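Engineer: For the protein sequence lines, the chains are A and B, in the order given.
Residue 1 is where the first sequence starts when you use the numbering used here, and the numbers rise one by one after that.
Residue 1 is where the second sequence starts when you use the numbering used here, and the numbers rise one by one after that.
Hints are not guaranteed to be accurate.
Said to hold, decoys possible - No farther apart than 30 Å at their CA atoms in a straight line, the calculated lysine-lysine pairs in the BS3-like style are these:
#1 B:Lys9 x A:Lys130
#2 B:Lys176 x B:Lys192
#3 B:Lys140 x A:Lys70
#4 B:Lys11 x A:Lys175
#5 A:Lys176 x B:Lys9
#6 A:Lys134 x B:Lys11
#7 B:Lys11 x A:Lys176
#8 A:Lys154 x B:Lys11
#9 B:Lys140 x B:Lys192
#10 A:Lys70 x B:Lys11
#11 A:Lys175 x B:Lys9
#12 A:Lys70 x B:Lys9
#13 B:Lys9 x A:Lys154
#14 A:Lys173 x B:Lys9
No lab work stands behind these hints, which were simulated from the structure alone.
Note that this is a predicted model, so its numbers are computed, not measured.
The residues making up each chain are set out below.
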Amino acid sequence: MGDTDEQQTWIAQSRNGDPAAFAALIRAYQPMIHSLTYRMTGSLADCQDLAQETFIHAHQQLDSFNGTSKFSSWLYRIAVNACLDWRRREARRSQLHDSWSRNRAVESTEVDGREALDDLSREVQAALMKLPDKQRAAIALTVYGGHNHAEAAKILGCSETTISWRIFSARRKLKKLLSKKGDRHE
Amino acid sequence: MNNSELDAKLKAAREPALPTDYRNAFPQTVLKNLRPSPRERAREEKGKVRQPWLPRLAWGMATAACILIAFAIGHWHGLAEAKAGKDALANTEFIQETLAMFPNRVRAIVQDERGVNLVLSDQETVPTSTPIYVRICDGKNCSSLVTFSGQEIQIAGQKLTVLSQPDGGIILEGNKFVWSSSERIYAGNHLKIEAKNLGTAAM
Numbered sequence: 001m002g003d004t005d006e007q008q009t010w011i012a013q014s015r016n017g018d019p020a021a022f023a024a025l026i027r028a029y030q031p032m033i034h035s036l037t038y039r040m041t042g043s044l045a046d047c048q049d050l051a052q053e054t055f056i057h058a059h060q061q062l063d064s065f066n067g068t069s070k071f072s073s074w075l076y077r078i079a080v081n082a083c084l085d086w087r088r089r090e091a092r093r094s095q096l097h098d099s100w101s102r103n104r105a106v107e108s109t110e111v112d113g114r115e116a117l118d119d120l121s122r123e124v125q126a127a128l129m130k131l132p133d134k135q136r137a138a139i140a141l142t143v144y145g146g147h148n149h150a151e152a153a154k155i156l157g158c159s160e161t162t163i164s165w166r167i168f169s170a171r172r173k174l175k176k177l178l179s180k181k182g183d184r185h186e
Numbered sequence: 001m002n003n004s005e006l007d008a009k010l011k012a013a014r015e016p017a018l019p020t021d022y023r024n025a026f027p028q029t030v031l032k033n034l035r036p037s038p039r040e041r042a043r044e045e046k047g048k049v050r051q052p053w054l055p056r057l058a059w060g061m062a063t064a065a066c067i068l069i070a071f072a073i074g075h076w077h078g079l080a081e082a083k084a085g086k087d088a089l090a091n092t093e094f095i096q097e098t099l100a101m102f103p104n105r106v107r108a109i110v111q112d113e114r115g116v117n118l119v120l121s122d123q124e125t126v127p128t129s130t131p132i133y134v135r136i137c138d139g140k141n142c143s144s145l146v147t148f149s150g151q152e153i154q155i156a157g158q159k160l161t162v163l164s165q166p167d168g169g170i171i172l173e174g175n176k177f178v179w180s181s182s183e184r185i186y187a188g189n190h191l192k193i194e195a196k197n198l199g200t201a202a203m
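Input sequences plus hints: build the corresponding full structure.
Structural biologist: As structure tokens, then:
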């Protein structure tokens, strides 16, 4: 999503403390942020909390957005960092039951979402949750966010080579995980 | 499985749909939880720091003046109790002390069935002039006061303006009556009125 004149106005007005302008920004970007936070957490409840946290952080840091990148990229970066922080907090909290909690997070979407996801959706999300956080972030940004490697590298604050390596590693693991699952269900 | 097949599989995975109510309320939920941004905080702080010192000083001085006046009124009540007799306002010394205690603030010293009371102006705006003594009886009660020309005073249930004439005469103008010490014009029918200049001795 490029920054239209209207969005630039909302950004400027939000900086001046106009809540209506910031609400307009939230409305424009909330689907994108919810999608990312869900892919990163696998839990609808956590996805909602992190989406809220993202916009609150964005409001706090609005002055640091200098317009050299797209607002969406800047927002993505805040969201990814919020998700990585969340994972660190979660990991500390449930270090001993890490894998159990990851699986539980995906399964809980049935309750959280009040909707049973189809098998494929659940399997894909479960496979994503088995990736290291930074690899999952790279997949979320490129496959689901539609960013190229250079943009993803900017958002994640690393080199393009690092991103390419993370994506390569992630794909290798996902192919293994999803091939097995696919075979089992076929 | 090649990369395209993997991507197709990943993209085919749905995300749980967010409830419409949640989606619609989300912006407001975020706004409710926002803290002021650093810029807004700085603006607020700036507002606080740049608050002009002059009004604050004025408030401080006004408060100090109020405290002093309250203290003086307390002292004056002690004085009034000591000097109050049947007609405290006939006591020139008491009037002098009262006027000296609240320079250009005394609008009237009133004595009625409740005792001696002081009517003060909130600012030092009462012009220095010869004090005027007024006594009004309505058949049941009598009230007397010492005031100055031009003051509007509530006495014996009447709101009246006391005016001093150049020839020394006094005019009392109420809502329903006019009384003059020199010409005997009087439109009130049940009031007994007496008024006189106290002269410079009472100042």
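Engineer: A separate judgement is required for each hint: does it hold in the structure or not?
Structural biologist: Hints, verified against the model:
A C-alpha spacing of about 16 Å is found between Lys9 of chain B and Lys130 of chain A, which places the hinted pair at or below 30 Å, so the restraint holds. Taking the CA atoms of Lys176 of chain B and Lys192 of chain B, the gap is near 14 Å; set against the 30 Å cutoff, the hint holds. Simply put, Lys140 of chain B and Lys70 of chain A have alpha-carbon atoms about 89 Å apart, too far for the 30 Å limit, and the pair is violated. A distance of roughly 14 Å separates the Cα atoms of Lys11 of chain B and Lys175 of chain A; the hinted pair therefore holds under the 30 Å criterion.
As the CA atoms of Lys176 of chain A and Lys9 of chain B are separated by approximately 13 Å, the hinted pair is consistent with the 30 Å bound. For the hint linking Lys134 of chain A to Lys11 of chain B, the alpha-carbon distance of about 19 Å falls within 30 Å, and the restraint holds. Restraint check for Lys11 of chain B and Lys176 of chain A: the C-alpha separation of about 17 Å stays at or below 30 Å, so the hint holds. As the CA atoms of Lys154 of chain A and Lys11 of chain B are separated by approximately 23 Å, the hinted pair is consistent with the 30 Å bound.
Simply put, Lys140 of chain B and Lys192 of chain B have alpha-carbon atoms about 11 Å apart, close enough for the 30 Å limit, and the pair holds. Proposed proximity of Lys70 of chain A and Lys11 of chain B is supported: the alpha carbons are some 24 Å apart, at most 30 Å. Between Lys175 of chain A and Lys9 of chain B, the direct Cα distance comes to roughly 10 Å. Compliance with the 30 Å bound is thereby established for this hinted pair. Distance hint between Lys70 of chain A and Lys9 of chain B is fulfilled; the C-alpha atoms sit about 29 Å from each other, no more than 30 Å.
Our distance criterion of 30 Å between C-alpha atoms is met by Lys9 of chain B and Lys154 of chain A, whose separation comes to about 26 Å. With a CA separation close to 14 Å, the supplied pair Lys173 of chain A and Lys9 of chain B stays within the 30 Å bound.
Comparing the model with each earlier hint shows a violation of hint 3 alone; every other hint is respected.
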